[in-house]
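Undergrad: Given these sequences and hints, build the entire structure.
Under the numbering used here, think of the first position of the sequence shown as 37, with each following residue one higher.
Hints were generated in silico from the structure; no laboratory data involved.
A quick note: this is a predicted structure, and the numbers were derived from the prediction, not measured.
Just so you know, even glycine gets a beta-carbon here, dropped at the ideal spot from N, CA and C.
Wrong hints could be hidden among the right ones.
Claimed, not checked - Here are the computed lysine-lysine pairs in the DSS-like style, where the Cα-Cα straight-line distance is at most 30 Å:
#  : residue 1 : residue 2
1  : Lys181    : Lys158
2  : Lys94     : Lys181
3  : Lys94     : Lys172
4  : Lys278    : Lys158
5  : Lys158    : Lys98
6  : Lys198    : Lys158
7  : Lys198    : Lys94
8  : Lys198    : Lys172
9  : Lys278    : Lys198
10 : Lys278    : Lys181
11 : Lys278    : Lys94
12 : Lys98     : Lys181
Claimed, not checked - Listed next, with one range per pair, are the computed distances between beta-carbon atoms:
#  : residue 1 : residue 2 : range
13 : Gly151    : Pro257    : 14 to 20 Å
14 : Gly142    : Lys98     : 41 to 47 Å
15 : Asp108    : Thr77     : 28 to 34 Å
16 : Thr241    : Pro116    : 23 to 29 Å
17 : Pro134    : Gly248    : 28 to 34 Å
18 : Ala92     : Gln273    : 28 to 34 Å
19 : Asn262    : Pro116    : 37 to 43 Å
20 : Lys98     : Gln232    : 21 to 27 Å
21 : Gln87     : Thr241    : 36 to 42 Å
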Amino acid sequence: MAAAAATALTIPLVVGHADAATTSATVKAAPAAAPAATSYTAAQVLAGIQQNSTAANKVNTKPHINTMTHSDVNVFQVAPGIYTYSSGMAIDTDGSDPDPDPDHQGETTWEDSNGQALGAHKVPFYVLGDDCWDRKTPCPHFYFKEHGMSGRQFALMFYNGKVIGSIFGDTQTANGQDTSDNDSRELGEASVKAAQLLGIPSSGTTGGVDNGVTLAMFSGPSWVVNGTNANLNTNAQALVQKALDTLGSSMNGGTPPTDPPTDPPPGGNSSYEAEASTLAGGTTITS
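TA: Here's what the structure looks like:
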């Protein structure tokens, strides 16, 4: 007898005994085995991102700018609370790590959990614009504050068959300065460590790549990564498979595969069938 629900239900059946007239009995259905959790690869999730990066899912109404090439870039909401774009990668050398880059600054907009500036050589972080270029609400461009994002917000970063975890670590300038004089519409800048993990030249003066980097940003407080410069990289990489599974499942219309299967909804119906067979103890199911 097969059962389609995770909880035991009672089913009236007609049973026959060898030495008694046919009578009725109650038989409990055995719980069905829970389906195996789905695990998604980086290639599967990236393909899903590309398929869901459609005009209907576009967030910005005015184009962003590829930091490296100045070509147009758009941001898409490919699943609830998850925003993606594809661009190049310029190299951000800022923060507590020393760097020969003449544009190096000792601060980053966001800090680690101990209040220290992030280290570009230790922490894989990405960069977003520090304001709404248009000075409008809602912003015609993707502006992180309007989408449930704050410092150290987790993101998946894809490039050339690789995927890493990264965090929101810096903005175009900020760092105690007035609103950025740079172009906050630019997208496609990340730290030295992010470039190294992805196999991209990581020099602040000669490094970077023009195209091919895709970022998937996870909004909300549950995706803020905590830690210090010593362990933020480890903590971010530990979330990669969870994020792949969450995004892959969401784009496929399901719940994250880490969630247990749920019982049928209240009032829902389930069907069961039983063929003639003998149960333990000699009781025979006849119908």
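Undergrad: With reference to the structure, classify each hint as holding or not holding.
TA: Here is how each hint holds up against the structure:
no.	hint	verdict
1	Lys181 / Lys158	holds, 26 Å
2	Lys94 / Lys181	holds, 17 Å
3	Lys94 / Lys172	holds, 18 Å
4	Lys278 / Lys158	holds, 22 Å
5	Lys158 / Lys98	violated, 34 Å
6	Lys198 / Lys158	holds, 19 Å
7	Lys198 / Lys94	holds, 25 Å
8	Lys198 / Lys172	violated, 37 Å
9	Lys278 / Lys198	holds, 16 Å
10	Lys278 / Lys181	holds, 24 Å
11	Lys278 / Lys94	holds, 25 Å
12	Lys98 / Lys181	holds, 17 Å
13	Gly151 / Pro257: 14 to 20 Å	holds, 19 Å
14	Gly142 / Lys98: 41 to 47 Å	violated, 33 Å
15	Asp108 / Thr77: 28 to 34 Å	holds, 29 Å
16	Thr241 / Pro116: 23 to 29 Å	violated, 40 Å
17	Pro134 / Gly248: 28 to 34 Å	holds, 29 Å
18	Ala92 / Gln273: 28 to 34 Å	holds, 33 Å
19	Asn262 / Pro116: 37 to 43 Å	violated, 23 Å
20	Lys98 / Gln232: 21 to 27 Å	violated, 33 Å
21	Gln87 / Thr241: 36 to 42 Å	holds, 37 Å
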